[in-house]
Amino acid sequence: SQELEQSPQSLIVQEGKNLTINCTSSKTLYGLYWYKQKYGEGLIFLMMLQKGGEEKSHEKITAKLDEKKQQSSLHITASQPSHAGIYLCGADMGGSQGNLIFGKGTKLSVKP
Amino acid sequence: GAVVSQHPSWVICKSGTSVKIECRSLDFQATTMFWYRQFPKQSLMLMATSNEGSKATYEQGVEKDKFLINHASLTLSTLTVTSAHPEDSSFYICSGTNRAGELFFGEGSRLTVL
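Note that the protein sequences, when read in sequence, are chains A and B. Letter by letter, the first sequence follows residues 1 to 112 in our numbering. Letter by letter, the second sequence follows residues 1001 to 1114 in our numbering.
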C-alpha cells in the first residue's frame, strides 16, 4: 500500500483563488519536504518541516505539519499562473538520509 | 536555497555505449548525494546513495554494475550508465543534503538510448 498519500491528484483553480494540497502518512514522519516540479525538470525545494505543529511560509505558500507528524498541508494564497506545476511531498520515514518516500504529486493548473 | 547542478541535462546515445552524468553541489558540501530515476509522469525512485570516499549503497533491484556511482569529492558525484539500452532511457535526478538537513535536487538529466 502507498505509504504516503497525496491529494488531490490534480487541481485546476482560477487565478487569485486559494488552494490546499494534502500529504498524509500512515506512519510518524521524521521530516516532510515539499517540492515543486515542472515535468521533465528538476525539483525546486520549497520547505522542510520537522517538528510537530511546525508551520513555514515562503511568499504566498504556507506549509504545515500536524502535531502527530503524520499529515502536512501546503496552502497557496491568491494563486497565480506562475504557481502552476507539479507539487510533490517527500517524507523522511527514518531510513537513510535522502531516502524520501514521495507522494504521487499534485498537478496544479492556474487559469488566468 | 542551495544549488545542485547536473550535467548534461540532455543526452542521446547509441545502444551499447556508456553515458556519464555529473552532479555537483555548487555552494555547499554534500557528504552524501542521492541518485533517482523518474519515469514519465511518475514519482521519483531512489536508485542509490552515494557517500564521499566510499562505495555507493544501491536500492534493491538496481544493478550496481550497470549504474556505476562515484563520489570523488564533497561536491561531485557521477552516475555512469554502462552498456546502455533503450529501457535505460529515463530522467535521472541527483540530490544532496546541506548541513541543515535540507535536500536539494539537481535539474535532472534526460537520457535517450537509441
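Simulated from the structure, these hints should not be mistaken for lab results. By construction, the Cβ of each residue, glycine as well, lies at the ideal position given by its N, Cα and C atoms. Accuracy of the hints is not assured; some may be wrong.
[As the list claims (entries may be wrong)] Sample of chain B residues at the chain A side, in silico, Cβ under 8 angstroms:
| id | residue |
| --- | --- |
| 1 | Pro1008 |
| 2 | Phe1039 |
| 3 | Ser1043 |
| 4 | Leu1046 |
| 5 | Glu1087 |
| 6 | Leu1111 |
[What the hints assert, rightly or not] DEER-style ranges, computed between Cβ atoms:
| id | chain 1 | residue 1 | chain 2 | residue 2 | range |
| --- | --- | --- | --- | --- | --- |
| 7 | A | Glu5 | B | Thr1112 | 30 to 38 angstroms |
| 8 | B | Lys1055 | A | Gln80 | 32 to 40 angstroms |
| 9 | B | Thr1082 | A | Pro8 | 34 to 42 angstroms |
| 10 | B | Trp1010 | A | Thr77 | 32 to 40 angstroms |
| 11 | A | Tyr30 | B | Leu1114 | 24 to 32 angstroms |
| 12 | B | Phe1039 | A | Tyr30 | 40 to 48 angstroms |
| 13 | A | Ser26 | B | Gly1101 | 37 to 45 angstroms |
| 14 | B | Pro1040 | A | Thr20 | 32 to 40 angstroms |
| 15 | A | Ser57 | B | Asp1065 | 44 to 52 angstroms |
| 16 | A | Thr77 | B | Asp1065 | 26 to 34 angstroms |
| 17 | A | Asn22 | B | Ser1089 | 15 to 23 angstroms |
| 18 | A | Gly16 | B | Leu1114 | 26 to 34 angstroms |
| 19 | A | Lys60 | B | Glu1102 | 15 to 23 angstroms |
| 20 | B | Leu1114 | A | Ser57 | 44 to 52 angstroms |
(request) With chain A as the partner, please determine if serine 1043 of chain B meets the hint condition of a C-beta pair closer than 8 angstroms. (result) Because about 4 angstroms separates serine 1043 of chain B from the closest Cβ in chain A, which is inside the 8 angstroms limit, the hint holds.
(message) 44 to 52 angstroms was suggested as the range; check whether the CB atoms of serine 57 of chain A and aspartate 1065 of chain B agree with it.
(response) holds (46 angstroms)
(message) Does the beta carbon distance between lysine 1055 of chain B and glutamine 80 of chain A stay inside 32 to 40 angstroms, or does it fall outside?
(response) violated (46 angstroms)
(message) Quick check on a hinted range of 40 to 48 angstroms for phenylalanine 1039 of chain B and tyrosine 30 of chain A, using CB atoms only.
(response) Violated: the Cβ-Cβ distance is about 27 angstroms, outside 40 to 48 angstroms.
(message) Tell me if the beta carbons of tyrosine 30 of chain A and leucine 1114 of chain B are separated by a distance inside 24 to 32 angstroms.
(response) violated (42 angstroms)
(message) Just to be sure I understand the hint, the distance between the Cβ atoms of glycine 16 of chain A and leucine 1114 of chain B should be within 26 to 34 angstroms; is that true here?
(response) Cβ of glycine 16 of chain A to Cβ of leucine 1114 of chain B: about 46 angstroms, so the range 26 to 34 angstroms is violated.
(request) May I ask you to test the interface hint for glutamate 1087 of chain B with respect to chain A, counting a Cβ-Cβ separation under 8 angstroms as satisfied? (result) violated (19 angstroms)
(message) Hint validation: proline 1008 of chain B versus chain A, beta carbon distance must be below 8 angstroms. Holds or violated?
(response) Because about 13 angstroms separates proline 1008 of chain B from the closest Cβ in chain A, which is outside the 8 angstroms limit, the hint is violated.
(message) Tell me if the beta carbons of threonine 77 of chain A and aspartate 1065 of chain B are separated by a distance inside 26 to 34 angstroms.
(response) Given range 26 to 34 angstroms: violated, Cβ gap about 50 angstroms.
(message) Between the beta carbons of tryptophan 1010 of chain B and threonine 77 of chain A, is the distance compatible with 32 to 40 angstroms?
(response) Given a distance of about 35 angstroms, which is inside 32 to 40 angstroms, the answer is holds.
(message) Holds or violated: the hint that leucine 1046 of chain B contacts chain A, with Cβ atoms closer than 8 angstroms.
(response) At about 5 angstroms, which falls below the 8 angstroms cut-off, the nearest Cβ of chain A leaves the hint on leucine 1046 of chain B intact, so it holds.
(request) Starting from the range 15 to 23 angstroms, see whether the pair lysine 60 of chain A and glutamate 1102 of chain B falls in it by beta-carbon distance. (result) holds (21 angstroms)
Violated hints for the displayed structure, listed by number in ascending order: 1, 2, 5, 6, 8, 11, 12, 13, 14, 16, 17, 18.
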